[in-house]
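Novice: The primary structure of each chain is shown beneath.
Number of protein chains: 2
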Amino acid sequence: MVLHFLKNKSFLFQNIFYTGICIAALPFFTACEQSVAKEGENLKLENLEDLAQYVDPFIGTAKMGHTYPGATVPFGSIQLSPDTDTIPYAVDGKYNPDVYKYCAGYQYDDETIVGFSHTHFSGTGHSDLGDFLIMPTTGELKLNPGTETDPDSGYRSRFSHDDETAEPGYYSVLLKDYNIKAEMTASSRVGMHQYTFPKAGTSHIILDLVAGIYNYDDKNVWTFVRVENDTLVTGYRQTNGWARTRKVYFALSFDKPFKNYGRERYDQQVYGGFWRKFDQSRNFPEIAGEKIRMYFDFDTQANEKVKVKLAISPVSAEGALENMKKEIPHWNFEQVKKEARYEWNKELNKVIVKIDKREEMVNFYTAMYHAFLGPTEYMDTDGQYRGIDQGIHQAEGFTNYTSFSLWDTYRALHPLFNILQPKRNAHMVESMMAHSDQSVHTMLPVWSHYANENWCMIGYHSVSVIADAIVKGNAEFDQERALDAMVQTAKTGYYDGLQYYMDMGYVPEDKNGASVSKTLEYAYDDWAIAQAAKKLGRKDIYQEFIKRSENYRNVYDSKSGFMRPKLSDGSFKNEFDALDTHGQGFIEGNAWNYSLYVPHAPAEMIEMMGGKEKFSQHLDSLFTMDLPDKYFANTEDISQEGIIGNYVHGNEPSHHIIYLYNWTNTPWKAQDKIRMVLKDQYQSGADGLGGNDDFGQMSAWYIFSSLGFYPVAPGSEEYALGSPAVNEATINLENGKKFRVIAQNQSDENVFVEKVELNGKKLDKPFIYHSDIMKGGELKFYMTGTSTSL
Amino acid sequence: MVLHFLKNKSFLFQNIFYTGICIAALPFFTACEQSVAKEGENLKLENLEDLAQYVDPFIGTAKMGHTYPGATVPFGSIQLSPDTDTIPYAVDGKYNPDVYKYCAGYQYDDETIVGFSHTHFSGTGHSDLGDFLIMPTTGELKLNPGTETDPDSGYRSRFSHDDETAEPGYYSVLLKDYNIKAEMTASSRVGMHQYTFPKAGTSHIILDLVAGIYNYDDKNVWTFVRVENDTLVTGYRQTNGWARTRKVYFALSFDKPFKNYGRERYDQQVYGGFWRKFDQSRNFPEIAGEKIRMYFDFDTQANEKVKVKLAISPVSAEGALENMKKEIPHWNFEQVKKEARYEWNKELNKVIVKIDKREEMVNFYTAMYHAFLGPTEYMDTDGQYRGIDQGIHQAEGFTNYTSFSLWDTYRALHPLFNILQPKRNAHMVESMMAHSDQSVHTMLPVWSHYANENWCMIGYHSVSVIADAIVKGNAEFDQERALDAMVQTAKTGYYDGLQYYMDMGYVPEDKNGASVSKTLEYAYDDWAIAQAAKKLGRKDIYQEFIKRSENYRNVYDSKSGFMRPKLSDGSFKNEFDALDTHGQGFIEGNAWNYSLYVPHAPAEMIEMMGGKEKFSQHLDSLFTMDLPDKYFANTEDISQEGIIGNYVHGNEPSHHIIYLYNWTNTPWKAQDKIRMVLKDQYQSGADGLGGNDDFGQMSAWYIFSSLGFYPVAPGSEEYALGSPAVNEATINLENGKKFRVIAQNQSDENVFVEKVELNGKKLDKPFIYHSDIMKGGELKFYMTGTSTSL
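Going line by line, the protein sequences match chains A and B. Sequential numbering from 1 applies to the first sequence in UniProt numbering. Sequential numbering from 1 applies to the second sequence in UniProt numbering.
Each hint should be verified, as a subset may be incorrect.
[Stated by the list, open to error] Below are the DSBU-like pairs computed for lysine-lysine, each with C-alpha atoms no more than 35 Å apart in a straight line:
| hint | chain 1 | residue 1 | chain 2 | residue 2 |
| --- | --- | --- | --- | --- |
| 1 | A | Lys307 | A | Lys338 |
| 2 | A | Lys259 | B | Lys547 |
| 3 | B | Lys291 | A | Lys491 |
| 4 | B | Lys547 | A | Lys291 |
| 5 | A | Lys612 | A | Lys630 |
[What the hints assert, rightly or not] Simulated coverage check for chain B against chain A, where a stretch passes if three residues somewhere in it have a Cβ under 8 Å from a Cβ of chain A:
| hint | stretch |
| --- | --- |
| 6 | 215 to 226 |
| 7 | 279 to 285 |
| 8 | 311 to 322 |
| 9 | 385 to 399 |
| 10 | 472 to 485 |
[As the list claims (entries may be wrong)] Label-pair ranges, simulated between beta-carbon atoms:
| hint | chain 1 | residue 1 | chain 2 | residue 2 | range |
| --- | --- | --- | --- | --- | --- |
| 11 | B | Asp279 | A | Lys559 | 44 to 52 Å |
| 12 | B | Asp255 | A | Glu264 | 50 to 58 Å |
| 13 | B | Gly93 | A | Lys94 | 23 to 31 Å |
| 14 | A | Lys539 | B | Thr202 | 42 to 50 Å |
| 15 | B | Gly397 | A | Lys491 | 43 to 51 Å |
| 16 | B | Gln499 | A | Gly201 | 28 to 36 Å |
| 17 | B | Glu480 | A | Asp152 | 20 to 28 Å |
| 18 | B | Asn260 | A | Gln394 | 30 to 38 Å |
| 19 | B | Asp279 | A | Asp98 | 53 to 61 Å |
| 20 | B | Thr149 | A | Gly391 | 38 to 46 Å |
| 21 | A | Glu140 | B | Ser560 | 46 to 54 Å |
| 22 | A | Asp297 | B | Glu480 | 34 to 42 Å |
| 23 | B | Thr202 | A | Gly397 | 46 to 54 Å |
| 24 | A | Asp297 | B | Lys612 | 29 to 37 Å |
Hint data in this document are derived by calculation from the structure and do not stem from the laboratory. Here a beta-carbon is modelled for each residue, glycine too, at the ideal position from N, C-alpha and C.
Full structure from sequences and hints, please.
Specialist: What follows is the structure, encoded as C-alpha cells:
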C-alpha cells in the first residue's frame, strides 16, 4: 500500500488514520499522537509537511546507539537531554567499561533520571560533555545524585517511559519521586526548562557542576560561578577529558526569584585563604572550585510552573548572556517549542518520501533527524568563538561548527550534506580551515570538539570532506588555502606513523599499530587530495598524491588474499588472524572487512584480488560465513545484531562494502543485502540501531541507501546505485531544483532492480553522478522480485 | 659633613669618592660601583640625576622584608627575579611555616637559586605568583629543582653574593654550578634574559611551569603550552592560590632556534586518550596538564650569549605576543637595561634629597624604589585586561592596575602617590572602580590581585584611597560614581561582621573575631567616606557616615584604658591581655598598639583616654616598656628588631602612632622617636627592614618621615610634622611646581625641631596641609639637639 502523506491541513485525518498504531505501539507513538494533535491546532507550517511527527528521538537510546532523546534544534549548540546516569570513567584509576553505555548520558532501560544537562554528543563511540546538569526536587534537599540501586540516597528520580515524551525540539518526563513534570525545549544556544511543581512548599532546583559524561576524578579542572542577582547566575565549567582543555561558559536565568541559594564543594581544599571569613555555603554570590553543586530554593504553589533558561557560550559569560537575550528574550515556552519544531520541519522537508509503512517513515525521518544533529554550531550570536589555540576568534562570513567525528562522517554524512546542506557543509569546511590555521600542528581536524583536537581514530579525513566539496562544486571558500591545509596535514610526519608511510609507502606494524588500517585510509585520503588538486589545476600536487594513493597495494598479501600488516623489514607479520579485530594491524574492523577498504580504486583492488568473479564470491562469503562466537566479544561499538555473517555494519569501515558488487558483474547481489541491512540494522524502537549512530554516519548510510544510491568514494562525483526502499522521494535542493527518486513496484519482496532510468533514459551501468542530482530530474528504478543480471 | 651630590656629569668624581666605601662595604656597593662606572659612559639622563645608583634592591631580601632583588620598571607588570626556593605552602595538608620566608621568592641567606620567575609581590605578608620560572643549565638535563641541601639532585645552582648584582631594572648572577652568567632586565610587560654559556656543548633552558610562590599541591590548576616554532612558545598558567582563579598568559621567545625541546608531566593522569598515539614528551608542540616542566636544548659556543624574552598578558597568548612586539621588538639587551634605568631615574628624580651619609641616600632611594613597585600595571598594550568577573574589559582612558595591598598602602603609600604620582593614583582609583563595577559583590577591592579578590586582612580601605584623592583634588574620575561605590561597599552586610557593625555600632567578638580591629577600621573608613561626601556636597551621606565614624567609642573600655572586645550582649570580654596579639579582638597588633587607632579623631580619642597629659605619658610607656619574651613569638610579620618597647613598627596599625604626640602638648616627643625608627627600622643591607615592606607602605613611611611630615588620616588634607632626616629635599611635582624641605642644622644629634617656617612664615602648630605642598614653596625646619616645648 502506498500512502500519500498529506499537508498539515489534513493532520486530523492522519491522526485518525494512525490511532490504531499509536495505541498499540511503543510509548513514542502515544507521545507522538498527543503531540501532533496539540500542535495541529496552532502550528503554521506554510507548505511544510509536519514530518517531525515521524521522528522518534528514542531510537538508538538503548544498547549501543548512543543517541539522546532530549531537545535540540538542527545543528544546535544546546542538546538539553536527560542523563540516566553519570557513572565515572574510571574507578580507582581503572577504566570502567560501563561508562561506554553513557556516551549520550541516557540509557533507555534505566529507571532513574539524574537530571537534565545541556550538551550531548549523538551516537559517538567515546564521549565528553554533559555540562550544567539541572534537576528540580522537592522536600529535603539532597545534593548528591544518589545511585540507580538506591535512588532515594540522592536527588535523582525514578521515571517511567509511560510518562515520557520526546519529539524534535521537545522532551518531557514526569519525575515520579517528586511528582514534578519536567519539560524542555531549546534554541541553538539556549536550553529552556519548564518544571511544574506538584504542591505548595519549598522546591529546589539543583545545578550540578560536577556531573558530566565520561566523568572521572579530576575531570573537572575548575568551575566559577557568580550569582548576579536573584534570577541570574553566570559562570563557566572547565574540564580535562576527551577534550583536553575545555571551557564552557553559561548564563542561567529563572523566571521567578529564588529565596535562597547555596553550594557544596566536593573537592579537597588545601588552601581556603581569607575566603574563610565568609560563610560561603549559603547566599554568598561568588563561588569557585573544582567540584561544586549548587541549589536554589523556591516557594512554589500547587501546579506552579518554574521556568529556567540556560545559555552557553564558548567565549565568555557575557557572551552566554547575550546569546540568551538574542535567541530567547522571553519566557514563552510554547513559542520556543513551536519554533524548534518548525526548524526541524524545514530541514526534514528537504527530502519528502513516500513509504508504505509508518515504521519505515519513522526510521527514515529519525535518520534525517540524527543526520542533522551535528556538527554543532560553536560560536556566539556575534560570531565570536574559541579557537583551538584557546584564543578568541571572529567567524568572518561563516558559521563556525565543532564536533567533527570525521573518521565516521566523511563517508556518507558530509556527502549527504553536499546534497541537502551544501551551505552548512561549506561553512563546516571553513571551520576546519580555521582550525588548521589556529592549530599549532597546522593540521586539519581529526576528531575535534569544543576548541580541541581529541585525535580519535585514524586518518586525516578532513581532506576527504574538503575534496568532496571542491569536486562537487560546493566550495564557497578559499580553495587554494584549503588545498594547502590538506597537503600540510598529509605531511605532518609525527602524526600517527605518517613519516613511515611517507618514507616507506606503508606504516610498519612493528613501529605503529593498526598499521594496515592507517595505510589504507591514508591512501584513500591522498587520493582525495589528488582529486582536489586536479580540479584546482595543481598537477604537482595531483601527481604527488595520486602516487601516494596507490600505497594500498603495499599491504596486500596476495598469498592470504588479505591486506596484512607488514613489518619495517618489508616482511608480512607472521601470525595473522583475518577474523580478529585486535592486534592484527587493524582498528575497529578485521582483515576480512578492512581489506576491502580501497574506496577510491575498487576496480584496481578487485583486479589485484583476483578479478571480478573471484571477488564477487569473496564478498558473498563475507555475508554468509559463520563468525565463531569468540570474535563477537572483540568487535567494538556494536551489538551482536550489528553483524551479518562477518559483515560488520555497526562499524564504519564496512559501510561501502556492499556497493562494491557494482564493480563486479553481479551488482544485483548488492540489492537484497542493502535491503536486509536497512531492515535489520535500523529498526524503530529504542534498541533499533545495530551500532553507534556515530554522529549521523549510520543514519546517512540509511538515507542514501533508502534513496537508492551511495557515495562509495567521497571526492568523486560518482554514486553507486543500490535498491531504494522508498516508493518515491523528492529531494528539495537548496538551488531550488528537485530531484525525484521513483521506485516503481517497490516492496519488501521486490528488492531487485530490473532497470533504472535517469530522466527517462535507461542507464547502462549502476552509477549516477552528483551533477545528475544537482540539475534536478528523475531517477526511476523498476523493481522486481527476482534477481537480474543488470 | 654635608655632601652635595652632583649631576651625572660628575659620576667619575662620585665613584672616586666612594671607592673606599664600596670596597669595604656590602656586596651591593661593589655592584653599585661597577654599574655606575659602566653606565656613566653611555647613559644620557638629560637633566635627570642618576639616583638609581643609590637604590639597593637587596634591602629587605633577608629576614622578613619580603622584597625581591630582580629586574622591574616602575609599577611594571613584570618582576623578573631569582627564586632561591619554591618550597610548598603545605606538606601533607599541613601549613609549612617556612613558606612565609619566600613571599618574594628570594632569601638573601640562601645559597642556591632555583631559577628566575617573572612575577613577584614586593614586601607582602602573604603571597602568590612566581610564574614561568626559567633556568639555564648545562650538562645532564635535570628537570626537577632539587633541594637546597642537595642542589646537585636538581637543576638549581649554587651562587655567591660576590657574583651578584642588583640595580633598578637589572639583575645579574653567576650560576656557579654551570658557570653561566645570568642577566636580566625588563620593560613593563616583558622580561628579558641574557645567559652567557661557558663552553661549547649542549645547553638547556628550562621552563618550569610547576614552580611558583606559595605553591602547594593542586595550586596549579592547568597549564597550556604551544611551541609555535623553533624560537617561540606561548601558553598560560592557571592557579588556585591566594588568587582563587588566576590565569596568566605568556609568550616566550629565544634569539636563537632551539635544537630540541620536551616536557615532563608531574601530575597524575587518569585519562590520556588518543594523545597516547604521540610521543608527547619530545618535540611535540602542544602540551597541556596540571604540572609541566619543559626544556629547550641549544648548541652553544664558549661565551655564547643566548637571550630570552618572556611577555605576559592577563588576556591571551596573542596579547602577550603583541606586548612583546610593542615593548621590546629587538634583541638589544643593553638598550632595554638602559631604558629601564631611565624609567627609574624619572621616578626617583621626583624627590631630590641631600643627606650626609651615602647609607641614608641608599635608604631613601631604596624606599622610593620600593614605593614605586606597585600596584602594578595589569593590562595589555591595547588596554584590554581581565576583570574580576573573569571577563575581558577595555580600559577606557586609564591604565588598569592590580595588586592592591590596601590594608597596608592606604596609610601612607597612596597619600605619597597623591603628591608624587597623582596621575597614576587617579588611574588606580579608576581601576578600583572598575573592580567594583565588575565585582558580583559590587564592592571595591579589599586586597586584590590579578582579577581576584583575596579578601586579605580587614576593613574596606579602598574608600580611604578614593576619599584621599577626592579631598586632595586629585580626582580626574567620576567622583559621584566613586562615592556610590564607597557607600555600596560600606553597606555589604555579609562582609566580615559588617552587618553587626551597622546594626550594633561595633562588631561583637563572639560573632566575628578580631572585632576591635574591625570596628576601629570601619569607623575610620566611614569617616573617610564622610569626607568625600562632604566635598561632593552629599550631606545625607556625610551625616550617615560621620555618625558611623564615631563607633570607635563603642569598643573603648574606660576601666582598662584600652580598646577591648565587646560581646553581643554589650559586655566587654572578660579575660583580656592588652599585650597579646592573639585572641584578644585584634589582628596583627595588640590592644596597646591598636587602641590608638582612631586616626580621624586623635583629639577626641585623647580626650576619651584621659586628656593630653595622661595620653602623652601613655604613649611614652609604649616605647619604653619591656615586652616579655613570650609575646615576641606571637607578633606577626616582623623580626624582633621590628619592635621598640611594645611599639611594633613592623606592622601597619602603629604607623601613625608616634605622630599622635602632635595632638598632645609634647609634640617634641615624636621627633627623636621618628628618627630612632628611621635609623633602627630602615637600615641598609639585605636585613635592613624591620618587617615586611608591604608593597611600599613601610617605605612610604620612611619617605614621609624623612621629609618631616606624615599623613595621619588619609582623607584629610592635614600632615603632622615630625623630624626631617634629610638636609634638604626638593619635591618635583607633576604640576611643574617644586616644594622644598630644608632642615637647617640637621644631624644625627640635632633631631629636635626648634621652629618651622612655611614660605618664611613661622608655623604655630605642627601641621601643614596638602595645598601648601601642591602650591609649591619651602618648608624650613630649624633643628636643634635639645627638645623644645614648641
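Novice: Indicate, hint by hint, whether the structure satisfies it.
Specialist: Structure-based check of all given hints:
no.: 1; hint: A:Lys307 - A:Lys338; result: holds, 16 Å
no.: 2; hint: A:Lys259 - B:Lys547; result: holds, 33 Å
no.: 3; hint: B:Lys291 - A:Lys491; result: holds, 31 Å
no.: 4; hint: B:Lys547 - A:Lys291; result: violated, 44 Å
no.: 5; hint: A:Lys612 - A:Lys630; result: holds, 32 Å
no.: 6; hint: 215 to 226; result: holds (count 8)
no.: 7; hint: 279 to 285; result: holds (count 4)
no.: 8; hint: 311 to 322; result: holds (count 3)
no.: 9; hint: 385 to 399; result: holds (count 4)
no.: 10; hint: 472 to 485; result: violated (count 0)
no.: 11; hint: B:Asp279 - A:Lys559: 44 to 52 Å; result: violated, 34 Å
no.: 12; hint: B:Asp255 - A:Glu264: 50 to 58 Å; result: holds, 51 Å
no.: 13; hint: B:Gly93 - A:Lys94: 23 to 31 Å; result: holds, 26 Å
no.: 14; hint: A:Lys539 - B:Thr202: 42 to 50 Å; result: holds, 45 Å
no.: 15; hint: B:Gly397 - A:Lys491: 43 to 51 Å; result: holds, 50 Å
no.: 16; hint: B:Gln499 - A:Gly201: 28 to 36 Å; result: holds, 29 Å
no.: 17; hint: B:Glu480 - A:Asp152: 20 to 28 Å; result: violated, 56 Å
no.: 18; hint: B:Asn260 - A:Gln394: 30 to 38 Å; result: holds, 36 Å
no.: 19; hint: B:Asp279 - A:Asp98: 53 to 61 Å; result: violated, 31 Å
no.: 20; hint: B:Thr149 - A:Gly391: 38 to 46 Å; result: holds, 43 Å
no.: 21; hint: A:Glu140 - B:Ser560: 46 to 54 Å; result: holds, 50 Å
no.: 22; hint: A:Asp297 - B:Glu480: 34 to 42 Å; result: holds, 37 Å
no.: 23; hint: B:Thr202 - A:Gly397: 46 to 54 Å; result: holds, 48 Å
no.: 24; hint: A:Asp297 - B:Lys612: 29 to 37 Å; result: violated, 58 Å
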